[in-house]
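Protein chains in written order, with our numbering: chain A, 1 to 113; chain B, 1 to 114.
Just so you know, the hints here were simulated from the structure itself, not pulled from any lab data. Note that the coordinates shown come from a computational prediction; the quantities given were computed from them, not determined experimentally. The beta-carbon is built from N, C-alpha and C at its ideal position, and this holds for glycine as well. It cannot be assumed that every hint is accurate.
Said to hold, decoys possible - Listed next, the in silico DSS-like pairs over lysine-lysine satisfying Cα-Cα at most 27 angstroms (straight line):
#, chain 1, residue 1, chain 2, residue 2
1, A, K73, B, K41
2, A, K100, B, K41
3, B, K55, B, K20
4, B, K64, A, K100
5, A, K100, B, K55
6, A, K100, B, K66
7, B, K41, B, K20
Unchecked claim - Covered stretches of chain B (chain A as the covering partner; in silico rule of three or more C-beta atoms under 8 angstroms from a C-beta of chain A):
#, region
8, 66 to 73
9, 77 to 91
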Amino acid sequence: AQTVTQSQPEMSVQEAETVTLSCTYDTSESNYYLFWYKQPPSRQMILVIRQEAYKQQNATENRFSVNFQKAAKSFSLKISDSQLGDTAMYFCAFSHNTDKLIFGTGTRLQVFP
Amino acid sequence: GAVVSQHPSWVICKSGTSVKIECRSLDFQATTMFWYRQFPKQSLMLMATSNEGSKATYEQGVEKDKFLINHASLTLSTLTVTSAHPEDSSFYICSARDGAERQHFGDGTRLSIL
Numbered sequence: 001a002q003t004v005t006q007s008q009p010e011m012s013v014q015e016a017e018t019v020t021l022s023c024t025y026d027t028s029e030s031n032y033y034l035f036w037y038k039q040p041p042s043r044q045m046i047l048v049i050r051q052e053a054y055k056q057q058n059a060t061e062n063r064f065s066v067n068f069q070k071a072a073k074s075f076s077l078k079i080s081d082s083q084l085g086d087t088a089m090y091f092c093a094f095s096h097n098t099d100k101l102i103f104g105t106g107t108r109l110q111v112f113p
Numbered sequence: 001g002a003v004v005s006q007h008p009s010w011v012i013c014k015s016g017t018s019v020k021i022e023c024r025s026l027d028f029q030a031t032t033m034f035w036y037r038q039f040p041k042q043s044l045m046l047m048a049t050s051n052e053g054s055k056a057t058y059e060q061g062v063e064k065d066k067f068l069i070n071h072a073s074l075t076l077s078t079l080t081v082t083s084a085h086p087e088d089s090s091f092y093i094c095s096a097r098d099g100a101e102r103q104h105f106g107d108g109t110r111l112s113i114l
């Protein structure tokens, strides 16, 4: 069975600084997808970034980038130039062949002015 | 594009009543929709996979007679919590998968059973 682990329950960062959120996963599949979702207090799930396992190049979306280490089964999220609006819960998620999503336990990120 | 509407956003009802939650894909067709449950300060847990025109696939430990899922069209899936009790109080979120295999989430439904 696939599992997703987020070992940081809470993180904080000062505005304009950079922060990295950790995620590891376990699977025996070779073809899969990894995601980072943001859930602000409104509780809406917002896709931040997506990575296909077969792609070696790390995905990037503006201030958000990932460090995908397939052999180590690691998928960390780096947020550059942090903004107050980045304050939210961040969930790492796994999907095999675009099937159901398996979520980690989440990391609560607080951005301070 | 790719908007998913979930209704109602918040419902409070008495113990023993049944509650229906709707999940609609507004601008795309969704053969597959997913229903998740989230307890306070916890992660999302998949309850079931809803397939248009066929029976839903439930995750282990989820009572199919308790949580009825109907996916009668390519744009609508419903989750009915039957004979709801206080322990069913939670945040329920649906997602719909589009033709590009991407999942789009609704805004969720906060269910409170008194």
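The hints, checked one at a time:
Between A/K73 and B/K41 the CA atoms are separated by roughly 26 angstroms; this keeps the pair inside 27 angstroms, and the hint holds. Our distance criterion of 27 angstroms between C-alpha atoms is met by A/K100 and B/K41, whose separation comes to about 21 angstroms. For the suggested pair B/K55 and B/K20, the alpha carbons sit about 17 angstroms apart, so the restraint of at most 27 angstroms is met. Under the criterion of a C-alpha separation no larger than 27 angstroms, the hint pairing B/K64 with A/K100 is consistent with the structure, at around 18 angstroms.
Distance restraint check for A/K100 and B/K55: the Cα-Cα separation of roughly 16 angstroms lies within the 27 angstroms cut-off, and the hinted pair is therefore satisfied. Restraint check for A/K100 and B/K66: satisfied, since their Cα atoms lie roughly 21 angstroms apart, inside the 27 angstroms limit. Restraint check for B/K41 and B/K20: satisfied, since their Cα atoms lie roughly 24 angstroms apart, inside the 27 angstroms limit. By the rule of at least three residues with a Cβ nearer than 8 angstroms to a Cβ of chain A, the coverage given for the region 66 to 73 of chain B is violated, with 0 such residues.
Counting residues of the region 77 to 91 of chain B whose beta carbon lies closer than 8 angstroms to any beta carbon of chain A gives 1, which falls below the threshold of three, so the coverage claim is violated.
The structure is inconsistent with the numbered hints 8, 9, although it conforms to all the rest.
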